[in-house]
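Peer 1: What follows is each chain in one-letter form.
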Amino acid sequence: MRSVLVCAVVFVACALGSAFGPDAPRGTAAPPATPTPYGLTAEGKFAHRPAASCSAASCHGGGAVGQVGSEHSTWAPEAQSKPDSDPHNRAYRVLYNPVSVEMAKKLNIGEAHKAELCLKCHAVVVKDEKGVVNEQILAEGVGCSACHGPAEKWGGDHYTSEWKAKTNRQKAETGFVPTGNLVARLLTCAQCHMGDADRDVNHALYAAGHPRITFEAAQMHNTKGYRKHWEEKTPQPDLEVRLWVVGQATQLRAAAELLRVRAERAEKGAVADAKFPDRGAWPEFAGYSCYACHQSLSDTDARKALSATPRPPGTPGWEVWSSTAVKVAHTHCADAFPGLTAPSIGEVEKLQDLMRTRKGYSAKDVAAQAAKAVAELDAWLVALQDAEDRGPKPMASGTAYKLAGELAKNALGTGRDSDRLADHDWDALAANYLGAAAMAHASGGVNKVKWGAPIEKIRDGLRFDPDPNRRVRFDSPWMFDFAPAEPKPGKKSEVKRIEQLRQRFMDLRAATAPTGGN
Amino acid sequence: MLVTAGLVTLVVYTRRGETPDVVVKPDPERPTASAADLKRVPVGSAGCLAAACHGAPAQKALRREYDDTTWQSSGACWTAADPHTAAYAVLSTTDADTKNGTVKVSGEHIMRNLHGIRDKRVAPPPATADARCVACHTNPALAAKGNWDKADKLALRSEGVSCEACHGAAGGWQGAHYTAAFKADRKKGYAEHGMEPLYDMGARAVACAGCHVGAPAQTDASGNELVPVRDMNHDMIAAGHPRLNFDFADFQARLPRHWQEKERLKPNTPAYEPNPAQVWLVGRAAHAEAACRLLADRVERSKSDPRTPWPEYAEFNCAACHHGLRSPNSTEHGDWRQSLNHTGGRPLGVAPWQPIWPLTSAAGLKEPARDKAPLSAVVLAVESRPSRNAGPVAAEAANAMAALRAKWLALSNDGAEELALRYVKGAGGPTAPEWDASAQLFWAAAALKRANRVPADVAAFRKVRDALTPTEGPGEANTRPFPMLNWADLETGFRVILPK
Numbered sequence: 000m001r002s003v004l005v006c007a008v009v010f011v012a013c014a015l016g017s018a019f020g021p022d023a024p025r026g027t028a029a030p031p032a033t034p035t036p037y038g039l040t041a042e043g044k045f046a047h048r049p050a051a052s053c054s055a056a057s058c059h060g061g062g063a064v065g066q067v068g069s070e071h072s073t074w075a076p077e078a079q080s081k082p083d084s085d086p087h088n089r090a091y092r093v094l095y096n097p098v099s100v101e102m103a104k105k106l107n108i109g110e111a112h113k114a115e116l117c118l119k120c121h122a123v124v125v126k127d128e129k130g131v132v133n134e135q136i137l138a139e140g141v142g143c144s145a146c147h148g149p150a151e152k153w154g155g156d157h158y159t160s161e162w163k164a165k166t167n168r169q170k171a172e173t174g175f176v177p178t179g180n181l182v183a184r185l186l187t188c189a190q191c192h193m194g195d196a197d198r199d200v201n202h203a204l205y206a207a208g209h210p211r212i213t214f215e216a217a218q219m220h221n222t223k224g225y226r227k228h229w230e231e232k233t234p235q236p237d238l239e240v241r242l243w244v245v246g247q248a249t250q251l252r253a254a255a256e257l258l259r260v261r262a263e264r265a266e267k268g269a270v271a272d273a274k275f276p277d278r279g280a281w282p283e284f285a286g287y288s289c290y291a292c293h294q295s296l297s298d299t300d301a302r303k304a305l306s307a308t309p310r311p312p313g314t315p316g317w318e319v320w321s322s323t324a325v326k327v328a329h330t331h332c333a334d335a336f337p338g339l340t341a342p343s344i345g346e347v348e349k350l351q352d353l354m355r356t357r358k359g360y361s362a363k364d365v366a367a368q369a370a371k372a373v374a375e376l377d378a379w380l381v382a383l384q385d386a387e388d389r390g391p392k393p394m395a396s397g398t399a400y401k402l403a404g405e406l407a408k409n410a411l412g413t414g415r416d417s418d419r420l421a422d423h424d425w426d427a428l429a430a431n432y433l434g435a436a437a438m439a440h441a442s443g444g445v446n447k448v449k450w451g452a453p454i455e456k457i458r459d460g461l462r463f464d465p466d467p468n469r470r471v472r473f474d475s476p477w478m479f480d481f482a483p484a485e486p487k488p489g490k491k492s493e494v495k496r497i498e499q500l501r502q503r504f505m506d507l508r509a510a511t512a513p514t515g516g517n
Numbered sequence: 000m001l002v003t004a005g006l007v008t009l010v011v012y013t014r015r016g017e018t019p020d021v022v023v024k025p026d027p028e029r030p031t032a033s034a035a036d037l038k039r040v041p042v043g044s045a046g047c048l049a050a051a052c053h054g055a056p057a058q059k060a061l062r063r064e065y066d067d068t069t070w071q072s073s074g075a076c077w078t079a080a081d082p083h084t085a086a087y088a089v090l091s092t093t094d095a096d097t098k099n100g101t102v103k104v105s106g107e108h109i110m111r112n113l114h115g116i117r118d119k120r121v122a123p124p125p126a127t128a129d130a131r132c133v134a135c136h137t138n139p140a141l142a143a144k145g146n147w148d149k150a151d152k153l154a155l156r157s158e159g160v161s162c163e164a165c166h167g168a169a170g171g172w173q174g175a176h177y178t179a180a181f182k183a184d185r186k187k188g189y190a191e192h193g194m195e196p197l198y199d200m201g202a203r204a205v206a207c208a209g210c211h212v213g214a215p216a217q218t219d220a221s222g223n224e225l226v227p228v229r230d231m232n233h234d235m236i237a238a239g240h241p242r243l244n245f246d247f248a249d250f251q252a253r254l255p256r257h258w259q260e261k262e263r264l265k266p267n268t269p270a271y272e273p274n275p276a277q278v279w280l281v282g283r284a285a286h287a288e289a290a291c292r293l294l295a296d297r298v299e300r301s302k303s304d305p306r307t308p309w310p311e312y313a314e315f316n317c318a319a320c321h322h323g324l325r326s327p328n329s330t331e332h333g334d335w336r337q338s339l340n341h342t343g344g345r346p347l348g349v350a351p352w353q354p355i356w357p358l359t360s361a362a363g364l365k366e367p368a369r370d371k372a373p374l375s376a377v378v379l380a381v382e383s384r385p386s387r388n389a390g391p392v393a394a395e396a397a398n399a400m401a402a403l404r405a406k407w408l409a410l411s412n413d414g415a416e417e418l419a420l421r422y423v424k425g426a427g428g429p430t431a432p433e434w435d436a437s438a439q440l441f442w443a444a445a446a447l448k449r450a451n452r453v454p455a456d457v458a459a460f461r462k463v464r465d466a467l468t469p470t471e472g473p474g475e476a477n478t479r480p481f482p483m484l485n486w487a488d489l490e491t492g493f494r495v496i497l498p499k
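Read top to bottom, the protein sequences are chains S and X. Reminder that position 69 of the first sequence reads as 68 in numbering that gives the first Met the number 0, one-by-one numbering, no gaps. Reminder that position 187 of the second sequence reads as 186 in numbering that gives the first Met the number 0, one-by-one numbering, no gaps.
Derived by calculation from the structure, the hints in this document are not laboratory data. Every residue, glycine too, gets a C-beta built ideally from N, C-alpha and C. Treat the hints with care, since some could be wrong.
[Claimed, not checked] In silico DSS-like links for lysine-lysine, alpha-carbon gap of 30 Å or less:
id, chain 1, residue 1, chain 2, residue 2
1, X, Lys182, X, Lys38
2, S, Lys408, S, Lys303
3, S, Lys303, X, Lys98
4, S, Lys363, X, Lys302
5, S, Lys326, X, Lys119
[Unchecked claim] Stretch-level coverage of chain X by chain S, calculated; a stretch enters the list once three of its residues show a Cβ under 8 Å from a Cβ in chain S:
id, segment
6, 109-117
7, 303-309
8, 342-348
Same shape as in the complex, but just chain X (with noise of 0.2 Å):
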């Protein structure tokens, strides 16, 4: 009862103005929560922000400086600059906004595409009344079944991805992180309590990417679901969502830490600095991981659910499908998708399968082979038919890669740098003008970069980086759609961004 009476002054705390009918009865569902009852329950980030807890000012986290106080304003210094506070907010996005600039594309827009409503007089079902959108740009769980419809979950979810969407439903755990028995144990008290151990790099990119790749429905012991399926699939793209496209070393890289770096399993959590190329090595083992997870789940309820298409074209790489038909005699490089240097084997006319570079192949880059990647039998399912059998190899290959990532974490700096580089220097530079290849090569040069391994050029570094950015037309000679690329830039860029 206690607990109870504890969840409803939560509730009072936080954004009442947003839902101003709602009115907090104990759940008919959950006559006496037990702390049991409550693991893996959201409740908000009102008693994390607790000034005494995490919401002390955070100037010195915004500029990037990191101590053992650093806790003490991680709240704070999400609020003040993380772009997930945002996440929900941008679902109730219009044309307005499209107009003036705050957005690129709107939630509006996106909902009239996928309900194809032409009438702009007539309003489309909002992005909020959605759960396939409410799934990533909340905390995961309040878009849960058992939570959908439950009127203090829906006052929870204009946070939008904030404490618990990342270190999990916070009812099991915080009354508990912060206790001396908690501490003296993290494994077991994380695990225990439903905590996420972010604290480990693999499990913090697998978290992240959660949303940022997507990932099937969590369910706990008896069925109910906790975390909703998170798929954004090609349906959502055309109707004008952009495509999602993690690379989790560079996206923590920008995101203004909200934490100081410590061994957390250790005695007084000593500080350290993770190797940017480790970080590298393991966000794309975990997110290889998290690809292969959403393939096997979207295989799986493309049988019996008609909303999940058999082939998901969202599986592919954009650009295998959309790109111009080149004329074989034209001279900026032709056809060279068809051509058998680029194939690698795979049969002609067939998709290839998303790039998860080093983990596959990628066009233009010389290692790993198609058929000797750590990916390679995924890769091979998806590309033959029926690719409905890649299903269960990802499966399996999943756990591979978890296994992969908790190898690569156990490196030592010298260890992982002296891999990132192998693999970065045996895919040579791209000889074929492939943006997904060149992207991921330029997250790798990036993380090679931030560990010193490669000539710092900033001037080089911006020329690849641009020669990636598709520019808006009409009529302007740089004029560039995607997926078409600045080449000249992009290969003299690299020849200096890459390492001898």
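Excised from the complex, chain S in its bound form (with noise of 0.2 Å):
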């Protein structure tokens, strides 16, 4: 699996605040009055607090990486006793790299390190009253109060007997992220690793060089060389399954969120100008999967004739890496959090139809369901969030190895196409995947479980290998089916990457069917 790029997340913001404020969608798409989750507060409410007032030594700065009580020490690059540290650290360093220097020029935005574009996610930007920017909580990168909120109003007390007895809402209206519950945590994460009204990796950006923004939490959490600075609580597999859960809610909210946010703006005329290149963009191609596009014409018949893919022909999927999955997680939330029924999702269905259509190209009628989708997501996650602050009940036995089983039928076709990929887009493929993948790793690892085997071959199938005839390399599944599957030195495979993705699937359904595996 490719890993995803980590760049950094920051300082909590105003996700939802903007759905209430200038951006706010007019007449019909008016925010409802649903109930917001937490985690996500209003960006400029309370101030910002250096690092360096929570890496005492007997603070978070105890010096023990990986010890309770040094969760700065195992964060900071200046501690580093291994190769390996928390990458947010470097987040801000990163924009000095040849790379961001070239993506600046190509954008012609300034110098990408005093970019507003750029810093919104890359570091914690405070200004004095005079302007003067505090370059000590810049350097910072995605510091502390990044991820765990403004300090203010709770650096002061936060280890208070008081202040351990208020419940996650009320230290929420402080400014504090409690990043313990999943939901408040995801949330967070998501406003970099998305994106919202303030923090658009659009297509320009990428055009220019940015990696692509992708999102999937149980990953992310495991990414191989982080090196966590906390304790979970929870226990495996309910942990991995349960941010699992959690990310897919998340991440379609957050997609459907700067969906709602660009179409408005693409509505309202907005202009690009030197601080947001190409802002108001429609259709913005960043909403859409890369790879619908960004494939070769040679393959495209092949791939139609082994899925069932449900867009007409020529329309790109939107958001298929955020969406694909959803319904296995919907479907299933009360596995993972035991007593929970998750709201109904309907009009987030009718907002993925819309897209599929060609009205889906009408910038207003996206942004009006755009903004239900958003609220009815949000209902889920409080539902959510609420089910993580009670403590919910242990997981059933065996519900990772379920939930496998349902993203592997989820990445199959139903009826007379259930042997059929239910569709053949990459991103589909992967995010069929990484559920399935955090599924065996939540229940020890894909070589522990029977049903590790297919996920693994998926692995291999989703790489992106250099074209083993040339020395172009491709950051995309280009030549998709040329490449031959499971290659044999000086030997042709004739079997498709695709066709044999596809069996893979089959595999993974029969090895997770109630009959089978564990």
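Could you use the hints to bring the two separately framed chains together as a complex?
Peer 2: Listed below in structure tokens is the structure:
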């Protein structure tokens, strides 16, 4: 699996605030009165504090990497005793590297390390009354308060018993982000790792060279080399299964909100300016699967023949990455959170349908429907958040195994199409794979579970191999079908990669059927 | 009444077996057709193909020998060898035809995809019943609203792209075009009777572009549709239709020509050989003109027609989006698409409009620059926000292109060749592996070769052509899906075929 590029997570912001702000939809798209999850606070409401105020030896700077009381030491680059560390501490520094310099030049936004466009995710910007940027906080990159919230109101007392007696919602009112609650945590991650009104990595940025923004919570929590500075309260496999379920809801919520913001800006005729290149584009290509368009044209028929993809030909898939597996997470919400039935997501499905039609090009219709979808997903997230705060009952054994099976089924069609792929888009295959891989990892690893072998093979099939015959390397599944499946030295396989993937998902479905595996 | 009787006779002559139930009755909406009413009414090719008219044996024309008797066999030549004859028949091709190699893509396959029917036991609606397809695969007038349901017109469709598709629906000129009065002033005769002035190379190129690029609908003064909209869009390409990839000069050179080139507006119509470089220039301008009119029309239609989206992806160079995302550090050209040397000032991430070089810039060709080319205004409008603003800009540019093709048509042979040479030399060899740019430069070189202005090195021309041709996989070392090029061969080939 291609490592998902970690760029940065930043301070709590106004994804939600913007829904009520100047970008708020008019008329029918007015924000509905639904409860909203905490974890998204209004930007600028509280003052940030530098990490130095957290890293006292007696607080979080104990110097014993990986130990309680040494959270900052574990996170910070200067405490590295191993090559591992938290990549968030490099978020600001990468703005000085050659790729960033080149990108800024191409985008004509001045220097990357000074551009608001970049700093919104790559650092915490704090200005004094004179507008002078606090260099210390800036240099920390995505430091403590980027994720834990601006510490003005809670920095002084978050260790007291009074504080500890507060509910998470009360804590959140002070600007603190209770990251122990998976919903609050992932909403925070998603602000940068998916984007929001202020953090829009659009197609212009990609074209200039920005790595693709993809978020999958379970996978990112287990990125190789990532040095965690906290201990999880929930044991495996419950933790990772819940991370995956909450991640699905969070991901699509962020995607729908970004869509709403983009559609609204286009509808209002927002004009790109020097600070935000190509803002107001419609359709905004960054909202679609990269490889819907960036595919070789020679193998499309082969891919189509093997799949029951629900989109009309010629229509790129909207947020295939974020919306493919949501149905599984939603249907099986009660398996991950016993006793919790997820509220309906009918408006989300309507949004998905709309984005599959020609009407999906009408920014006005899209903005209105996306607003409804966001409200609905917020309601689901509130339910999940409350369940997290209550401390959910342990999952039934075999839940991860069951969900892996559901993901295999989700990757394949139904009825007459049950031996076809449900969607041949690389993003769709990857989303189902990542879910299944999380389930295997939660259960001890692909090597430990009987149903792990097909998952490993799916991973190999999804990899972006360099073209074996040429020196060109691609950051996309270019020539998907031309690359032979499972090539053996000196031998050419006749099986196409997409066909191999279809078979592996069928293998996984068989291995996770009630009679197989585990 | 006489004319109506003539119509009946004509229909009887056409392929009756195709639609045995056709009973031709006088059309109640047109009870007494006058000559004026018949102008631009399609009547079919049967009358043209009479042995004494255009149906004489065509051996000479088929050997590419032309003289003042060529006109007598023009219909026979078309019937014998012109690919346009099969235009309607391909609509009815099935998966079986693909399997046995008759066609690469069948009508059934495209319709199956367009309608999302995966169940092979269910037949998709026939392409012959879809006006979008019929509009180009026969005489377009037969797919016009007023003609769509008429049994006699239905019978004519199977002729494919026959005489009237290009020369104009013959109701108004069939009986007049051989008269002395008509020949005395052809310009007037063509205009008055509704015959297309294909003797004008520019008008001819525009006529071809009507289908090979696309065109808005045409209506008469009272708003009746004469020719329906012809728009082969991204939906159809995604469903399997080949992309439209037109170069007038190249296509015309390949066509089994059924006419003698003559100065038809001059007395005694002297024969001449058109200058290949000039044909290329005029063809490019006509192509640009058609593309601009289609763009303007698409923008207009998208405002009310839910079947017409905007942006219409078919407006763009296929490879604008359909390219692999190359690693910046990849050795073979790396991420040239992102390089400021090749974007020419286009905002990053914005899809470039289709190159119609040399009327627009083309990636990897030095001249003209993006903002200096004749169609710069359109390019800049399509590539900025909101791109709908490009509609009116394109409509205006289309008129400028019409004027340009007239201007280029008036050039002397030497003048045309010098101009074409200047464009090709200004472009230099391609500096990026971009398919459209390379293919269009190749067509220019081919035109100059026909004009004997570049060395006729057949091997080098073949090398470039093969380098541009995708090859089918899987697994072979030379597997090359579109839009990848064999860059090494392309470079060395171009070095030989381009003028020094």
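Peer 1: Of the hints given before, which are not true for this structure?
Peer 2: none
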